[in-house]
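J.: Given chain A's structure and the hints, the job is docking chain B onto it.
Heads up: the protein sequence lines correspond to chains A and B, in order.
For the record, in the first sequence the residue sitting at position 7 is 7 according to the numbering used here, with numbers rising by one throughout.
For the record, in the second sequence the residue sitting at position 142 is 142 according to the numbering used here, with numbers rising by one throughout.
Misleading hints may appear alongside valid ones.
Stated by the list, open to error - Label-pair distances were calculated between CB atoms; the ranges are:
1) B:Val13 <-> A:Asn191: 41 to 47 Å
2) B:Thr138 <-> A:Ile60: 38 to 44 Å
3) A:Ile117 <-> B:Ile143: 52 to 58 Å
4) B:Tyr18 <-> A:Leu240: 55 to 61 Å
5) B:Glu21 <-> A:Pro179: 35 to 41 Å
6) A:Asp221 <-> B:Thr101: 51 to 57 Å
Hint data in this document are derived by calculation from the structure and do not stem from the laboratory.
Beta carbons are placed, not taken as given, at the ideal position from N, Cα and C, and that holds for glycine.
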Amino acid sequence: MKRATKQKLRRWALYTLLIVIAVAVGLLADWPTIQKAFFDPEIAADMFPEVLTTAAKNTIVYTAMAFALGLVLALFLALMKRSSVRPYRWIATTYIELFRGLPALVTLSLVAFGLPIALGVRIPGGTLGKGTIGLGIVAAAYMAETIRAGIEAVPRGQMEAARSLGMSRGSAMQSIVLPQSFRNIIPPLTNEMVILIKDTSLYFVLGTTIISKELTKFGNDFMSATFNGTPLVVIALVYLAITLPLTRFVAQLEKRAARAR
Amino acid sequence: MNQDKTAPPIQVVRLHKYFGELEVLRGIDFVVDNGEVVCIVGPSGSGKSTLLRCVNLLEEPTSGQVLVEGIDMTDSETDIDEVRSRIGMVFQQFNLFPHLTVLRNLTIAQRKVLGRSEEEADDVANRVLDRVGLSDKTNEFPIRLSGGQQQRVAIARSLCMNPDMMLFDEPTSALDPELVGEVLDVMRGLAEEGMTMMVVTHEMGFARQVGDRVAFIDGGVIVEDGPPDDVLLRPQHERTKKFLEAVLQQ
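Okay, chain A solo, but in the shape it has when bound (with noise of 0.2 Å):
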């Protein structure tokens, strides 16, 4: 057999395997329940506007404040790593590789519940603020890596013509180097803002209230009143809306970057 019969033969075989399953599961389906199961109009109609207006705006404020303040800290972290003072670079490793290794429920707990009670302070602002904290945390040992990777990625005569301009190491690092940086480290940053978006589904452990619900206690909470699977496929939709836009965005980005080099 030629080589090219071969391969449209196997094409073949391939092509009518996946029919084969599609119509099986066509046909043994229990469609009518399955559909109540999952796509009752009646009991997704009922989850809005809440589930956007609540729980859709509480995971994007959540992610949000939490990046924020990741971001801020790993900035540091970064810079620490790079200290010639051998001390920072110790506490800056050993934060990154504690809250990389926990799980960031362990730390969010930590934050929550172990705080208040060791050192009996108690976090202000609710759900957010202890969660904000405790997920800023975990996302800023995971950015430290990418931030520093990015400044070092940066040259080492960008640093040696500013300075040679008379401008002081922070100058230097703030307008020459970092937004040199950024540039390059923005794809892996959105990447992390799509793990958190999901990781602030871990909220629940902080306990909620109506008003504070994210995205995946509200869909569980309004499933457990209905006994209906169908607001777990609206929230994942939700989730989809929200994270599709930013992994295409990063796609953009790298397609774009590959063409410039």
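T.: Relative to chain A, chain B alone:
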């Protein structure tokens, strides 16, 4: 700052520099006088770039002194940033800031270091750009320019700070041959205006025509130092002769 205008712009005294175990500079004594153009030549790895970079403390001397207008650069009390702002530096790889337009490349240090207003800085930048023949490139990004144009922008960036002296670290080595001339022309213009210049270069023609002095460095020491014709045409030392033969054969 106890700046002493009667002191030579650059004075290097018993300078030693180690990179780890490797001794790159082995006791350099060297003076550049006001308005003088000194070209430094020598084989690669001879320490000539390191010497240049020690002058504005991009490399920290292991021992010895570097005096710029009488100010001891190695003294921890010295405000290095202030002295550096008066020393222009041009690199082999241009090192323009790729995220800034040509104009912003020229104004950022004026504003951050000299505290000039945006208007004043733009004004100075436009004048200097005109002088290096690039006034039509004001709003371009560096990547859109040829190597020769980029290096001229780099020279202009230093000139905007009104430096008392300029250091050139192999300014034409990264350029395509046909672009070397335009950069050397700008440097020649500077020399004619009386700028104090220290130039690490492989351009023997430039060293002969423009240099007031040529210093030949090999193995971390200054082997020969004198008028260009003496050093380049009638070298006294065997090492200088060998180096010049090798260069001229190219």
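J.: Taking the hints in turn, state whether each one holds.
T.: Here is what the structure says about each hint:
Taking 41 to 47 Å as the suggested C-beta distance range, the pair B:Val13 and A:Asn191 does not conform, at roughly 54 Å. Between B:Thr138 and A:Ile60 the C-beta distance comes to about 42 Å, which sits within the given range of 38 to 44 Å. Against the hinted window of 52 to 58 Å, the Cβ-Cβ separation of A:Ile117 and B:Ile143 comes to about 56 Å, which satisfies the hint. Range check, B:Tyr18 to A:Leu240: Cβ separation about 60 Å, and the 55 to 61 Å hint holds.
Checking the proposed 35 to 41 Å range against B:Glu21 and A:Pro179 shows it holds: the Cβ atoms sit about 38 Å from each other. Between A:Asp221 and B:Thr101, the C-beta spacing of about 54 Å keeps the proposed range 51 to 57 Å intact.
Against the hints set out earlier in the document, a violation occurs for number 1 only.
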